[in-house]
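Student: Oh and the sequence shown: position 62 is 62 in the UniProt record's numbering, straight run, nothing missing.
Hints are computed from structural coordinates only; laboratory data are not their basis.
There could be a bad hint or two in this list.
Claimed, not checked - Capping the alpha-carbon separation at 20 Å, the derived lysine to aspartate or glutamate pairs in EDC-like fashion look like this:
| # | residue 1 | residue 2 |
| --- | --- | --- |
| 1 | Lys50 | Asp192 |
| 2 | Lys144 | Asp164 |
| 3 | Lys144 | Glu165 |
As the list claims (entries may be wrong) - Distance ranges between label pairs, derived from CB positions:
| # | residue 1 | residue 2 | range |
| --- | --- | --- | --- |
| 4 | Gln116 | Lys235 | 27 to 35 Å |
| 5 | Ser129 | Arg44 | 29 to 37 Å |
| 6 | Lys54 | Asp130 | 32 to 40 Å |
| 7 | Val46 | Ser127 | 15 to 23 Å |
| 8 | Thr95 | Ser73 | 16 to 24 Å |
| 9 | Arg44 | Arg194 | 34 to 42 Å |
| 10 | Ser163 | Ala98 | 19 to 27 Å |
| 11 | Ala160 | Asp49 | 18 to 26 Å |
| 12 | Ala134 | Glu161 | 15 to 23 Å |
| 13 | Ala160 | Asp87 | 15 to 23 Å |
| 14 | Arg212 | Asp192 | 15 to 23 Å |
| 15 | Pro128 | Arg194 | 21 to 29 Å |
| 16 | Ser41 | Met195 | 35 to 43 Å |
| 17 | Glu161 | Ala37 | 39 to 47 Å |
Positions of the beta carbon are idealized from the N, C-alpha and C atoms, including for glycine.
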Amino acid sequence: MLCVALSVVGVLVLVAGGGTVINTVMNKTQQVSNSEAFGPSMWRNVPADKVFPKTLSTKLKPTDTADNPRHGSWRRLGIARPATCRDGLGGRLATEAAKRGCRNVLRATYVDPTGQTVSTVAVIVISPSDNAEAELGRFLNTDKRGDGVHAYAVPGTPAAEWSDERRIGGGGRQATGLNLPYGLAAVAGNVDGRMAGHLPEEWDIGDPSQPRPWQGAAKDLASSLDLYLSDLINKESK
């Protein structure tokens, strides 16, 4: 009888343990399903100041959040009203986004910790499609021109005089995650309006404008926003 009782207990433990595993898998599956449903509609269901946090930075460790103010590399100066793709984008990016069914553009302007570099970053909403997302992503990964996103000036801030004429370099990427129809692109320039100048002859590699520092800054801001939005979608869809 004791053996039978122990066997029954063992079965119950196994069943209970199996239930825990099944529940864990089901919860994880449900979370992924929720993320897939929430992600594409995030741009119109989440307040603008939540899409664009007060600070943005790259994660120093896995437990960090991209909007941790202690690590903030970028400080938000202002958020633009939602714009049409024609009003929010320019250059080849506008053309490429239109080909992928561009629906709307959300923009915000940030300044770096030095107070010298200003950048406008955009969330480009396109029609949900694996091909469209992949194609726009390939374009954004290689496009470094500074004419893709229209600058958004913010009165009373270091970006008060920020304009399209002051843009120097750009960078971007496709949003990371399942079924996220968002391209992320940014343009950057100097707060005081100085344009990139010539390097001394021994350092000049043939690019007279030398926009790489601003291209890097724009790419960094777009990548930091990508990390933040990924965390936001996971959090909001639980």
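Student: Determine for every hint whether it applies to the structure shown.
Tutor: The hints, checked one at a time:
1. Lys50 / Asp192: Answer violated: Lys50 to Asp192 is near 29 Å, above 20 Å.
2. Lys144 / Asp164: With Cα atoms ~15 Å apart, Lys144 and Asp164 stay inside 20 Å; holds.
3. Lys144 / Glu165: Given that 20 Å is the threshold and the Cα spacing comes to 16 Å, the pair holds.
4. Gln116 / Lys235: 27 to 35 Å: holds (33 Å)
5. Ser129 / Arg44: 29 to 37 Å: Distance hint for Ser129, Arg44 is violated at roughly 18 Å.
6. Lys54 / Asp130: 32 to 40 Å: Because 33 Å falls inside the window, the suggested range holds.
7. Val46 / Ser127: 15 to 23 Å: Taking Cβ atoms as reference, Val46 and Ser127 lie about 19 Å apart, which means the hint holds.
8. Thr95 / Ser73: 16 to 24 Å: Once the Cβ atoms are compared, 31 Å apart, the range 16 to 24 Å for Ser73 and Thr95 is violated.
9. Arg44 / Arg194: 34 to 42 Å: Holds, at about 38 Å.
10. Ser163 / Ala98: 19 to 27 Å: holds (23 Å)
11. Ala160 / Asp49: 18 to 26 Å: holds (20 Å)
12. Ala134 / Glu161: 15 to 23 Å: violated (38 Å)
13. Ala160 / Asp87: 15 to 23 Å: holds (20 Å)
14. Arg212 / Asp192: 15 to 23 Å: Hint holds: Cβ distance 19 Å, inside 15 to 23 Å.
15. Pro128 / Arg194: 21 to 29 Å: violated (41 Å)
16. Ser41 / Met195: 35 to 43 Å: Holds - the Cβ-Cβ distance for Ser41 and Met195, about 40 Å, lies within 35 to 43 Å.
17. Glu161 / Ala37: 39 to 47 Å: About 42 Å separates the Cβ atoms of Glu161 and Ala37, which means 39 to 47 Å holds.
The structure is inconsistent with the numbered hints 1, 5, 8, 12 and 15, although it conforms to all the rest.
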